[in-house]
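> Chains as they are written, first to last, in my numbering: chain A, 1 to 309; chain B, 1001 to 1309.
In short, the hints are calculated from the structure, not lab data. One or more hints might be untrue.
[Claimed, not checked] Looking from chain B toward chain A, a few residues come up when the C-beta cut is under 7 angstroms (computed):
#1 LEU1177
#2 PRO1246
#3 LYS1256
#4 LEU1304
[Stated by the list, open to error] Here chain A is said to cover these stretches of chain B; the calculated rule only asks that three of the stretch's residues, wherever they fall, bring their Cβ under 8 angstroms from a Cβ of chain A:
#5 1077 to 1086
#6 1181 to 1193
#7 1257 to 1271
[Stated by the list, open to error] Chain B residues, not near chain A, derived (Cβ > 10 angstroms throughout):
#8 ASP1039
#9 ASP1059
#10 ILE1070
#11 LYS1103
#12 GLY1119
#13 ARG1234
#14 ALA1250
#15 GLY1251
#16 ASN1252
#17 SER1284
A virtual CB, placed ideally from N, CA and C, is assigned to each residue, including glycine.
Number of protein chains: 2
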Amino acid sequence: MSASFEDIIAQVKALPVKKLSVCVAQDKNVLEACRVALDRGVASPILYGDEDKIRAIADENGISLDGMKICDEKNDDEAALKAVKAVHDGEADMLMKGELPTKSFLKSVLNKEVGLRTGKTLSHVCIFEIPKYKRLLFLTDVAFLPYPTLEDKEQIINYTVKVANACGVKMPKVAPLAAVEVVNPKMPVTVEAAQLTQWNEEGRIKGCIVDGPLSMDLALEPEAAQHKEGALNRKIVGDADILLFPDIHAGNLVYKTIVHMVDNVENGNILMGTKAPVVLTSRSDSVEVKVNSIAVAAVVAENLKSNPW
Amino acid sequence: MSASFEDIIAQVKALPVKKLSVCVAQDKNVLEACRVALDRGVASPILYGDEDKIRAIADENGISLDGMKICDEKNDDEAALKAVKAVHDGEADMLMKGELPTKSFLKSVLNKEVGLRTGKTLSHVCIFEIPKYKRLLFLTDVAFLPYPTLEDKEQIINYTVKVANACGVKMPKVAPLAAVEVVNPKMPVTVEAAQLTQWNEEGRIKGCIVDGPLSMDLALEPEAAQHKEGALNRKIVGDADILLFPDIHAGNLVYKTIVHMVDNVENGNILMGTKAPVVLTSRSDSVEVKVNSIAVAAVVAENLKSNPW
Chain A
1 MSASFEDIIA QVKALPVKKL SVCVAQDKNV LEACRVALDR GVASPILYGD
51 EDKIRAIADE NGISLDGMKI CDEKNDDEAA LKAVKAVHDG EADMLMKGEL
101 PTKSFLKSVL NKEVGLRTGK TLSHVCIFEI PKYKRLLFLT DVAFLPYPTL
151 EDKEQIINYT VKVANACGVK MPKVAPLAAV EVVNPKMPVT VEAAQLTQWN
201 EEGRIKGCIV DGPLSMDLAL EPEAAQHKEG ALNRKIVGDA DILLFPDIHA
251 GNLVYKTIVH MVDNVENGNI LMGTKAPVVL TSRSDSVEVK VNSIAVAAVV
301 AENLKSNPW
Chain B
1001 MSASFEDIIA QVKALPVKKL SVCVAQDKNV LEACRVALDR GVASPILYGD
1051 EDKIRAIADE NGISLDGMKI CDEKNDDEAA LKAVKAVHDG EADMLMKGEL
1101 PTKSFLKSVL NKEVGLRTGK TLSHVCIFEI PKYKRLLFLT DVAFLPYPTL
1151 EDKEQIINYT VKVANACGVK MPKVAPLAAV EVVNPKMPVT VEAAQLTQWN
1201 EEGRIKGCIV DGPLSMDLAL EPEAAQHKEG ALNRKIVGDA DILLFPDIHA
1251 GNLVYKTIVH MVDNVENGNI LMGTKAPVVL TSRSDSVEVK VNSIAVAAVV
1301 AENLKSNPW
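Isolated chain A (complex conformation) (with noise of 0.2 angstroms):
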């Protein structure tokens, strides 16, 4: 079981080199991102681009380019929309966001001809890993899908369950989260919750346990079900793999509480319901998130193949 993003790179280094289209390549931070994925066997990436501007940036910051393709083509619509086709016609693995807003983007993800659809809802995972948690932390949807529906969270349980088998998670443990841990008819998420709860004991939702509604001790604190009646009955006690959020601002409120308040903490990211992954990073993540979310896609990439959505 990988416990570490270490674990993951190198589940990815036993792997078939996977290809990494880069989405208008001209940006510092992407392009170290791609050094680092490269020197250490985490991906091979090819640049889609502006090759006079990825050059002159790769020679003012000391990055070397030995050993990374690039297609030069200077309009960044065009150059997202090769990056995209390249993937969609399995010339490449996986696909990464460079220097473009996030609309223009997924415009090209979702592009009906040479994009990624599958018709499935979008949806975000982050990974983290906490010295203080033993085990990875996949949190949904912290970026992404702002209110999702009941069936949308049945969905994001789907996908992210795919991604803790991808980081060698075998039947992970799934936490709907809410301000308390019982049904509560006047807070509708955790109806929703019992409900996702429901689906997965008639086997509606497989290749997990879920267990909702739980609050936050319960999900990560193993001592805090000592405190609580009835809860060392629960099938999670303390040891959450999958936490699902209420909704967007609940999740990113979370999330950047642990990127801002939490020491030591490293994490990756991708987005979900695409015929390949997508690492959609933010021009503010470091070299080192970007990294860890190209591992990421890269197992998910081989998971793809023998199990697609």
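The hints should help you fit chain B onto chain A, whose structure is shown.
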């Protein structure tokens, strides 16, 4: 400006001693907190409850009851009512929940004849001292009011500003939080956040600086403001004092993430909207949390004398 619970306790010591009326005091943790509060000059406890049980628990655990008044009442509901009435009649300055269910406790607090109702919405504020963050952080509402309306949020801000003032924070910065820092009509919480900001600019919400919607990174992390376009022109750039949450799920999940994942955190909390401050800690809260909460109640009690809700 207070930046720690030690500062608040130092403030309390300089005030006339506040009397703390304890509802159903027969609980080890509660008695320990009362002992520490008395020894540290934070409050003078009056224990309502079953005197035999109180003395037995104190004996068993080596807790001295010297200097505490005990009012013997075997019936829990009666003990709760008598404890509340003592505050109602001005014989005590603040109230604390002991060994009885929250529902029964609140029933007494809201009793029409001897209770502490003001006719206003009740709400909860949680105060954190976090080593990484240079100031006290006030979170609301993470535990009591599930889905505050826009008007509730206005009221909650007013309450929390009073608590912050009492703790020595003169002109607190209030961040109405969301997943994003711009208004998006598809996310009602961002529209409400903008309205609260406007009410503050128009002088309807006073004594504080409101700036929302705000994401968690811009609220807490000065560096994040450097990376985001337009963020440096905001009124809050990583220096929020008060975090206003969209709803109880977002608030509670963040609150418990901080408690369980961030090292060396201290916290305390208080119920607002009653005639006198109410300490509503839960069974699982440590003695330290209870003492911190009593200290906050004491400074708020002093403040309410000159500035009622």
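> Determine which of the earlier numbered hints do not hold for this structure and return their numbers in increasing order.
Numbers 4, 5, 14, 15, 16, 17, in rising order.
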